[in-house]
Amino acid sequence: MTTIADDLARLEEIVRRLEADDVELDTALTLFEEGVARLRAARERLASADLKVQTVLEEADGELRMQDLDA
Amino acid sequence: MALSFQTDLISPTDDVWSVSQLTNAAKRLVEGEFMPMWVRGEVVECRVWKSGHWYFKLRDAASQVSCCMWKRDAERAGKPPADGTEVFVLGRPGMYEVKGEFQFNVSKLIPTAAMGRAQRELERVKALLHREGLFDPARKRTLPELAATLAVVTSTAGAALRDIINVARRRWPGVRLLVIDARVQGEGAVDALVQALRLVNRLPEVDLCIVGRGGGGREDLVAFNAEAVCRALAAVRVPTISAVGHETDISLTDLVADVRAPTPSAAAELALADQREVRRSLDDLAARLAGGLAGRTRLGLERVDRAGDRLQGAMSAVLERRRHLLARVAAQLDALSPLRVLDRGYAVPTGPDGHVLKRRSEFVAGAPFSLRVADGSVAARVEPR
Chain C
780 MTTIADDLAR LEEIVRRLEA DDVELDTALT LFEEGVARLR AARERLASAD
830 LKVQTVLEEA DGELRMQDLD A
Chain E
327 MALSFQTDLI SPTDDVWSVS QLTNAAKRLV EGEFMPMWVR GEVVECRVWK
377 SGHWYFKLRD AASQVSCCMW KRDAERAGKP PADGTEVFVL GRPGMYEVKG
427 EFQFNVSKLI PTAAMGRAQR ELERVKALLH REGLFDPARK RTLPELAATL
477 AVVTSTAGAA LRDIINVARR RWPGVRLLVI DARVQGEGAV DALVQALRLV
527 NRLPEVDLCI VGRGGGGRED LVAFNAEAVC RALAAVRVPT ISAVGHETDI
577 SLTDLVADVR APTPSAAAEL ALADQREVRR SLDDLAARLA GGLAGRTRLG
627 LERVDRAGDR LQGAMSAVLE RRRHLLARVA AQLDALSPLR VLDRGYAVPT
677 GPDGHVLKRR SEFVAGAPFS LRVADGSVAA RVEPR
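These protein sequence lines map, in sequence, to chains C and E. So for the first sequence, the working numbering puts the first residue at 780; every next one is plus one. So for the second sequence, the working numbering puts the first residue at 327; every next one is plus one.
You may find that some hints are simply not true.
To list a few chain E residues with every Cβ distance to chain C over 10 Å, as calculated [unchecked claim]: (1) E357; (2) K376; (3) L416; (4) G420; (5) A453.
Per the computed footprint, the stretches of chain E lying under chain C, defined by three or more beta-carbons under 8 Å from a beta-carbon of chain C, are [to be verified]: (6) 377-388; (7) 467-473; (8) 483-495; (9) 519-533; (10) 610-617.
To be clear, the hints were calculated from the coordinates, so they are not data collected in a lab. No experiment lies behind these values; they were computed from the predicted model shown. Built from N, CA and C at the ideal position, the CB exists for glycine as well.
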């Protein structure tokens, strides 16, 4: 699963490459398109973010169980 | 009612005070004057009332003061101190209006001997962990820039969790908080904290761990100075933040953790990115992305232009060279042209067949020939002998 951190890291890389002089024009276009998609994904992720608070419980058999906590 | 002492009052007037007014004024004066303070003294005559409240006197060589400790606070202090016990008490001066008595309202009581023991244990653990390098700055890991999942080891009933949730909601609502409930003070707190910290290592996808509690008295924070808790914290596999008590208290977990936060709220601030900043950097990246492509395109065009310029330059250089060459060749051709010679006044005789007559023998007496001059031919004849 990608996260906003992944999106931001990839965007940084894309922008750095685009800003360098040695990238071919068609590579630049491909990078640009990916960058736009990443931007959109990151913004959507931010907008839809919903705080999740769970308590971690250890069952008798040692299994861990997450239970939503009313925040 | 103004508190004034007039010396010229000879007889009671309308200004006469009631006893309640007097004690109330004194109470306000006393209670308004002092902040909570620690006092050291010797306990005598400690009485536990049916209500559960404690009453005792605290004294030193010269003075004594009546003390009162409410049931809730007294229960936390353990057993009533025996006469002569040396203690530290935390409290505020007040007035017991019913009796018009000055008294000290105590909220915490710690025998100095216990304090000494706790202090000695703290020093021992601190020295030990220091020798083992658990406080070493080189051990400190940096916090992830964008934590998506936080483990929070604290009491689910405490203020610390509420504070962390509030900060998270404001700062980075996309975060997932995995709370591991643990007693943070009193009996069993050390074991509970150790178990909770071990559990953190079994959680998948945790980016960092906050361990802490809200503010409390020094003795409420002792679990965070425990050797076992410090070791369990050092063994947590993700970066850790210790947030114990008020800003002024430092516990050993603060020294072991990768980062120390003064309060649980501050820990959440340190742990979580600010969504506003991330939005700003996304805007910035968007601008750079567009600028990058535009720049790249412009660069492409400039390259083509530059190539064109170079091409043209190269071409014209060739042409220029050719032009020079042609001019020179033309000049040479020109110089070789007989017509230029004729220009200078020479003439070329040719026979009727167009053959150039170069020698005397070629001229036959009486024979016609032609003279080519600069602008044409002239008919001529050799003189007869």
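Here is how each hint holds up against the structure:
The Cβ of E357(E) sits about 38 Å from the closest Cβ of chain C, beyond the 10 Å cut-off, so the non-interface label holds. With 10 Å as the threshold on Cβ separation, the claim that K376(E) sits away from chain C holds: the shortest Cβ distance comes to roughly 40 Å. Interface exclusion of L416(E) from chain C stands, the closest Cβ pair being 33 Å apart, more than 10 Å. With a cut of 10 Å on Cβ distances, G420(E) stays outside the contact zone with chain C, its closest approach being about 39 Å.
Annotated as non-interface, A453(E) keeps its C-beta farther than 10 Å from every C-beta of chain C; the closest such distance is 34 Å. Restraint check on the stretch 377-388 of chain E versus chain C: 0 residues with Cβ-Cβ distances below 8 Å, three needed, restraint violated. Using a Cβ-Cβ cut-off of 8 Å, 3 residues of the stretch 467-473 of chain E lie near chain C, which meets the minimum of three, so the contact claim holds. Evaluation of the coverage hint for the stretch 483-495 of chain E: fulfilled, as 3 residues show C-beta separations to chain C shorter than 8 Å, against a requirement of three.
A stretch counts as covered by a chain when three or more of its residues have a beta carbon under 8 Å from one of that chain; for the stretch 519-533 of chain E and chain C the count is 3, and the coverage holds. With a threshold of 8 Å between beta carbons, the proposed coverage of the stretch 610-617 of chain E by chain C holds, since 5 of its residues qualify and at least three are required.
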